[in-house]
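A.B. asks: Given next are the chains, with one letter for each unit.
There are 4 protein chains.
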Amino acid sequence: MKQIGIFPNFKKVNTAKITTETIKWLKNKGINVYLPRIAVEILGFPQYQNLLERSKEILDMVIVFGGDGTLLRVARELAPKEIPILGVNFGHLGFLTELEIPELFSGLEKIIEGHYRIENRMMLKTSLPKNNLKERQFYALNDIVITKGSFARLIRLETYVGTEYIETYPADGLIISSPTGSTAYSLSAGGPIVNPNLNLLLITPICPHSLHARPLVISEHEEVKVIIRADHQDIMLTLDGQQGLKLQPNEEVIVSKADFNTKLIRLKNRSFYEILREKLAEGGHKEF
Amino acid sequence: MKQIGIFPNFKKVNTAKITTETIKWLKNKGINVYLPRIAVEILGFPQYQNLLERSKEILDMVIVFGGDGTLLRVARELAPKEIPILGVNFGHLGFLTELEIPELFSGLEKIIEGHYRIENRMMLKTSLPKNNLKERQFYALNDIVITKGSFARLIRLETYVGTEYIETYPADGLIISSPTGSTAYSLSAGGPIVNPNLNLLLITPICPHSLHARPLVISEHEEVKVIIRADHQDIMLTLDGQQGLKLQPNEEVIVSKADFNTKLIRLKNRSFYEILREKLAEGGHKEF
Amino acid sequence: MKQIGIFPNFKKVNTAKITTETIKWLKNKGINVYLPRIAVEILGFPQYQNLLERSKEILDMVIVFGGDGTLLRVARELAPKEIPILGVNFGHLGFLTELEIPELFSGLEKIIEGHYRIENRMMLKTSLPKNNLKERQFYALNDIVITKGSFARLIRLETYVGTEYIETYPADGLIISSPTGSTAYSLSAGGPIVNPNLNLLLITPICPHSLHARPLVISEHEEVKVIIRADHQDIMLTLDGQQGLKLQPNEEVIVSKADFNTKLIRLKNRSFYEILREKLAEGGHKEF
Amino acid sequence: MKQIGIFPNFKKVNTAKITTETIKWLKNKGINVYLPRIAVEILGFPQYQNLLERSKEILDMVIVFGGDGTLLRVARELAPKEIPILGVNFGHLGFLTELEIPELFSGLEKIIEGHYRIENRMMLKTSLPKNNLKERQFYALNDIVITKGSFARLIRLETYVGTEYIETYPADGLIISSPTGSTAYSLSAGGPIVNPNLNLLLITPICPHSLHARPLVISEHEEVKVIIRADHQDIMLTLDGQQGLKLQPNEEVIVSKADFNTKLIRLKNRSFYEILREKLAEGGHKEF
Numbered sequence: 001m002k003q004i005g006i007f008p009n010f011k012k013v014n015t016a017k018i019t020t021e022t023i024k025w026l027k028n029k030g031i032n033v034y035l036p037r038i039a040v041e042i043l044g045f046p047q048y049q050n051l052l053e054r055s056k057e058i059l060d061m062v063i064v065f066g067g068d069g070t071l072l073r074v075a076r077e078l079a080p081k082e083i084p085i086l087g088v089n090f091g092h093l094g095f096l097t098e099l100e101i102p103e104l105f106s107g108l109e110k111i112i113e114g115h116y117r118i119e120n121r122m123m124l125k126t127s128l129p130k131n132n133l134k135e136r137q138f139y140a141l142n143d144i145v146i147t148k149g150s151f152a153r154l155i156r157l158e159t160y161v162g163t164e165y166i167e168t169y170p171a172d173g174l175i176i177s178s179p180t181g182s183t184a185y186s187l188s189a190g191g192p193i194v195n196p197n198l199n200l201l202l203i204t205p206i207c208p209h210s211l212h213a214r215p216l217v218i219s220e221h222e223e224v225k226v227i228i229r230a231d232h233q234d235i236m237l238t239l240d241g242q243q244g245l246k247l248q249p250n251e252e253v254i255v256s257k258a259d260f261n262t263k264l265i266r267l268k269n270r271s272f273y274e275i276l277r278e279k280l281a282e283g284g285h286k287e288f
Numbered sequence: 001m002k003q004i005g006i007f008p009n010f011k012k013v014n015t016a017k018i019t020t021e022t023i024k025w026l027k028n029k030g031i032n033v034y035l036p037r038i039a040v041e042i043l044g045f046p047q048y049q050n051l052l053e054r055s056k057e058i059l060d061m062v063i064v065f066g067g068d069g070t071l072l073r074v075a076r077e078l079a080p081k082e083i084p085i086l087g088v089n090f091g092h093l094g095f096l097t098e099l100e101i102p103e104l105f106s107g108l109e110k111i112i113e114g115h116y117r118i119e120n121r122m123m124l125k126t127s128l129p130k131n132n133l134k135e136r137q138f139y140a141l142n143d144i145v146i147t148k149g150s151f152a153r154l155i156r157l158e159t160y161v162g163t164e165y166i167e168t169y170p171a172d173g174l175i176i177s178s179p180t181g182s183t184a185y186s187l188s189a190g191g192p193i194v195n196p197n198l199n200l201l202l203i204t205p206i207c208p209h210s211l212h213a214r215p216l217v218i219s220e221h222e223e224v225k226v227i228i229r230a231d232h233q234d235i236m237l238t239l240d241g242q243q244g245l246k247l248q249p250n251e252e253v254i255v256s257k258a259d260f261n262t263k264l265i266r267l268k269n270r271s272f273y274e275i276l277r278e279k280l281a282e283g284g285h286k287e288f
Numbered sequence: 001m002k003q004i005g006i007f008p009n010f011k012k013v014n015t016a017k018i019t020t021e022t023i024k025w026l027k028n029k030g031i032n033v034y035l036p037r038i039a040v041e042i043l044g045f046p047q048y049q050n051l052l053e054r055s056k057e058i059l060d061m062v063i064v065f066g067g068d069g070t071l072l073r074v075a076r077e078l079a080p081k082e083i084p085i086l087g088v089n090f091g092h093l094g095f096l097t098e099l100e101i102p103e104l105f106s107g108l109e110k111i112i113e114g115h116y117r118i119e120n121r122m123m124l125k126t127s128l129p130k131n132n133l134k135e136r137q138f139y140a141l142n143d144i145v146i147t148k149g150s151f152a153r154l155i156r157l158e159t160y161v162g163t164e165y166i167e168t169y170p171a172d173g174l175i176i177s178s179p180t181g182s183t184a185y186s187l188s189a190g191g192p193i194v195n196p197n198l199n200l201l202l203i204t205p206i207c208p209h210s211l212h213a214r215p216l217v218i219s220e221h222e223e224v225k226v227i228i229r230a231d232h233q234d235i236m237l238t239l240d241g242q243q244g245l246k247l248q249p250n251e252e253v254i255v256s257k258a259d260f261n262t263k264l265i266r267l268k269n270r271s272f273y274e275i276l277r278e279k280l281a282e283g284g285h286k287e288f
Numbered sequence: 001m002k003q004i005g006i007f008p009n010f011k012k013v014n015t016a017k018i019t020t021e022t023i024k025w026l027k028n029k030g031i032n033v034y035l036p037r038i039a040v041e042i043l044g045f046p047q048y049q050n051l052l053e054r055s056k057e058i059l060d061m062v063i064v065f066g067g068d069g070t071l072l073r074v075a076r077e078l079a080p081k082e083i084p085i086l087g088v089n090f091g092h093l094g095f096l097t098e099l100e101i102p103e104l105f106s107g108l109e110k111i112i113e114g115h116y117r118i119e120n121r122m123m124l125k126t127s128l129p130k131n132n133l134k135e136r137q138f139y140a141l142n143d144i145v146i147t148k149g150s151f152a153r154l155i156r157l158e159t160y161v162g163t164e165y166i167e168t169y170p171a172d173g174l175i176i177s178s179p180t181g182s183t184a185y186s187l188s189a190g191g192p193i194v195n196p197n198l199n200l201l202l203i204t205p206i207c208p209h210s211l212h213a214r215p216l217v218i219s220e221h222e223e224v225k226v227i228i229r230a231d232h233q234d235i236m237l238t239l240d241g242q243q244g245l246k247l248q249p250n251e252e253v254i255v256s257k258a259d260f261n262t263k264l265i266r267l268k269n270r271s272f273y274e275i276l277r278e279k280l281a282e283g284g285h286k287e288f
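First to last, the sequence lines map onto chains A, B, C and D.
Sequential numbering of the first sequence, starting at 1, is according to UniProt numbering.
Sequential numbering of the second sequence, starting at 1, is according to UniProt numbering.
Sequential numbering of the third sequence, starting at 1, is according to UniProt numbering.
Sequential numbering of the fourth sequence, starting at 1, is according to UniProt numbering.
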C-alpha cells in the first residue's frame, strides 16, 4: 500500500476536515496520496502533482468518503482498473461502505498491515450499437435502467436473452440489475433479493402493463438485448441511477456482465445477511 | 335527443368519413349536431354555427369516435356537465367504449328510441392550493398521478387521509385512482381490480423504496393530501396520463371524489367482469 | 347499561383475577353480569343464574378479555344480535380491541355514562347449499377462506360474482374478506389494505398458479359463488381462521355481506390509519 | 444404449399400449428393457427378469411416459444414479418432458445413434437431523416446502443461511426451490423465474404475515436451515409437492444443493425461454 487515492464527497459535512487529516496521516506513513482535481481545488492545495485522474494505473487502493451513492460513482469511474475501494461512511450503515468515521484510522492501520480481504462484486456493461456515442462501453455496479419520461406514453421493450426472444414488455421501463443492485431499484419494482457474491443478471420490468410479466434471473454468461419500441423520444438509459443517456425509438441496448469486478475492501465480519436485516427489516418482529 | 355533439379522434383511420356519415344520418333525423372547432376545420365545413365549445349546456349526448384514451379526454373536458357519452371504438374492445363501427347506426337508432341505460362512473378532482394556477380544480376519470422524472432522485410523498397522517412514501410516485382507473396504471403498480360501479379511492405507490408500502382503499368521502418532499424540481402531476402539470417541492396536492360523474351510455349487457376477462385474461387457461 | 356479558379468554395470564374484579365492580354499580358456562365453571362460582348463553337477547354490551382473536370469536357467536362489544386487551395493541387493562375501569365508567361511540363493521355470511349441514348460515368478521390441505394437489375455484363468471383460479385457495379482514390473511396473500368502515368484499386468490390473477374488490351488494373443482377431498372452509368445515369436490360456497354488523364500542380517537401505522409499519423510516 | 428402463404413468390413457410397443421396438434393436414391478404386473407380463428396481446401476437411460409430474417422481427415485431421463408427454408441452408420442420412435432412433445432448438440472437435498427417520437424506428436483395444515395457526420459520440468521418468517410456509422449481410453486408465491441451468437456491415465503419478507436468491454453496416454531403439530414437509413427511415443532430442516444432477435427454433446440413463453405467457399481447 504505497499509492492511495481519496475520493471525497464534499456534500457531506466535515469532508474537507477528514480528508485533510487522512492525507496527513497517510503521508506520515510514507504513502503517496492522490486526489481528484476537483478535490485539490476545493481543499485549496498548492498545485498538486499527484492528480488521481492521471494515476489510476498505479493506485493500490481508493478511499471513498461518502455513502453508497458516492461509492457507486467511484466504482463506475475506476471500473476497468479493479482498484480496491474502501468506503467510509459519514452517516448510517451502507450495503457497500465498510467503515464509519470513528473507525477510520484504526481501520487504515489494519489495511496497511495487510489485515483485510477483498470482496468481488460483479459489474454490468452496456453498449448502444446503433448510437454514435464516443464512448462505446458503459459500466454500472447496481443497475442499468431503461425508462420513459414521467409524462410520456408507455414504451414497449422487446427483450432478448442471447438470440432468444423473451417478451415485449409494455411498461414504464426495465431494470437490468447485478446481484449488488438487487437491493436497490429492482427491489422496489418487485425483484428478489440476491446474495451479492453471486454472478447473475436480474431483469425486472417496471410497472408492466401486462399481467404475466415477472422478474427473471439469468446466467452471467447470457447477454440481454433490448430494442426500444416507442412513438416518442422521451426515453432514458441510466447507470446506477446516476448517469443518464438519451435513447431513441428502435435503439438497441446490449447489457452483459463486465469483464472485471468492483473490489471492495472488507475488514469486518458483517455478512450481507446481517446488513440486510439492519437495512430492510424492522428491529422487532411486526406481524399482522 | 335533439342536440348531439361529436368528438372525433382524427388519428384513427376513417374518422373523417365516419364522422361525416354520422352527421348526415343525425341531421336526417332532425337532430342538431355540434362539433369541436378543430373538427370543423379538418372536415372543411363552411363556417359552422354549432360549435361544441359554445354549446355544452344544451347537449343531450356526445358521441366519441376513438378508443378509451379519447373517451378519457372527453370525459375530463365535459366533466361538470354530466353529458352522457357514447364511446364508438375503431379497434379492439375497450373498458369504456360501447360500440364498434359496424354497430354504429343500429345503436344510434336504439338510443334515439330511448333504449339505453346510463352507467355512472365516479370521477376524481384535484387542486393545488399552494400553486398560482388560473384553474383551481382539475378532473380525472381514471387517475391522478404524481411522479418524478426518469432521471431524478426519488421523491418522498407525505400522505394524509383527511387530517390523518398515513405515511411518507419514498417512491417513484403515487397513483390516486378511481374504481374505473383500477384497471389502468394502478394495476401495473400492483393495485387491486375494483368494480367500476363502486365509489371509493385507491392509493397505490409506484416502486416504493420501503418494503411495507401496500395499496390502500379508502372511502369516497375521504380526501387525500400529498405533500411533495424532494430536493429537485423534476416532479409532475398527470391527469389520466394525458394532461400534465409541473409540481414544486413542498407543494400540496389535494385529491377527492368529484361532485359529478361521467355518464356512459350503455346498450349492451356486457358486464365489467366479462370485459375484464376478455381484456386481461388469457383465452384459454394457462396454468403453471 | 343494565345487562353486561363478559367473555374471558382464560389462556391469557390474569384473566380470572381481572374477570372477578370486573364482575364485582359492575355489581357494585347495580349492573347484572352474564358469563358463558365455561367461565362460570373455571371461576368456581356457585350455580350462576345469569348464563350468557341464555341471555343474548337482553344484553346491552359484552366485554371481551383477550386479543383480536378472541374478539373475532365472540363477534361470530353474537353475530345476529348486534350486541356492542368492548375489547379489552392484555397484550399489545389490536385492530379490534379498544382498551388495555390499566384503562379498564376508567373506560367502563365512561361507557356507563354514555360517553362512547359505536363503530359498525361489516360482516360476511356464507352458506353451502349442496351440503346437508344443520346450520344453514355461517358468519365471519374477517374472512371466509377456502383452502386445500398442505399435501393435497391444487384445487380449481370456479368463481362467480352474481351470475357473472369471473375465473377458475388454480390455487392453494381463495380468501373472501371484509374490509376488517383486509389487514389479516388477505394482506399476506397480496390483497390491498381497506378502510374497515367501508362496505365491500375483497376476493384474493392464495398462491394462484396462473399469472394473471389479481385481488378483486366488489360491491357489498354482490354475492360470490365458488364451485370447488378438485379430484381429492382435502378441502376446507374456515371462518376467521378459527372455525373449520370440510368441503367436497363440486360443492358450492356462497358468500355475501351479512344482514347485520359487528358493533365495536369506541372510547378513543385513534383512527384506523393510526393503528395501521403502529401495527404494520416500522417505527422509523427504513428506506432502501 | 444397451440397457433402457421405462417408467409408465398408467393414469394416462394409452400408456399400456405405448409401453408395450416401445418394449417391442427396443427389443428389436437388441436393447434390454427394464420395468418397475408395478408395470410388470399391470401389463400382465410373465415373470420378468429385468426388474428396474434391481438394475439401477446398469441403466443407460430411463424413458418416462407421463407429464412433468411423473418425471419429477422418477428424478427423485433415481436421484443419486444420474441416469439420463427422457420425458415423453401424452398431453401438452412440459418444462421437463422432451417428446410427444408421435415423435417417440424417430426420437429414440436419434438417441440410439447418439444424436442428443444432456441437460443438467441441479437437485436439492434435505435432512431432518432431529428426527429418527430411517432415511437420512431426501431429494427433490423442484422444491422442498414446509407448510402448515390448512386449519392450523400460522407457524414461524426461523431461517438461517449457513450460520447466518436471516429472519423468522411468520407465514403459511416456506419454499426452498431449485432453478427448475422456480416456475412451479415458488412462482405462485411471488418468486422470480430463474434460468434452470443456473445453480442457486431460491427461498420464497408463502403468505408471510410480515410486510417486509421478500424472495431471496442464495448461492449453490450455501446451506439453508429452518427451525420450525409452532404451538401445534400440523406441519408438513413436501418434496416436489409429491412426497410428504410430518414435522414437529422445534424440528430442524436442512436444505442444500444435492451432490448430483438430474440429467435430462434433449433432442430439440427448444430453449427454456421458448418453453416459458408457450407455457406462461399469452399467445398474443394482452396489454391493459
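There's no promise every hint is true.
[Stated by the list, open to error] Here are the simulated BS3-like cross-link-like pairs (lysine-lysine), alpha carbons at most 30 Å apart as the crow flies:
#1 C:263 to B:257
#2 C:279 to B:225
#3 C:257 to B:263
#4 A:263 to D:257
#5 B:246 to A:11
#6 B:279 to C:257
#7 A:257 to D:134
#8 B:263 to A:246
[To be verified] Selected chain D positions facing chain A (Cβ under 7 Å, derived; list incomplete):
#9 192
#10 209
#11 215
Honestly, the hints are just simulated from the structure, not real lab data.
Predicted model only: the values in this text are computed from it and were never measured.
Even glycine gets a Cβ: it sits at the ideal position worked out from N, Cα and C.
A.B. asks: Each hint: holds or not?
C.D. replies: Against the structure, the hints:
| no. | hint | result |
| --- | --- | --- |
| 1 | C:263 to B:257 | 28 Å, holds |
| 2 | C:279 to B:225 | 22 Å, holds |
| 3 | C:257 to B:263 | 28 Å, holds |
| 4 | A:263 to D:257 | 28 Å, holds |
| 5 | B:246 to A:11 | 27 Å, holds |
| 6 | B:279 to C:257 | 28 Å, holds |
| 7 | A:257 to D:134 | 46 Å, violated |
| 8 | B:263 to A:246 | 42 Å, violated |
| 9 | 192 | 4 Å, holds |
| 10 | 209 | 5 Å, holds |
| 11 | 215 | 4 Å, holds |
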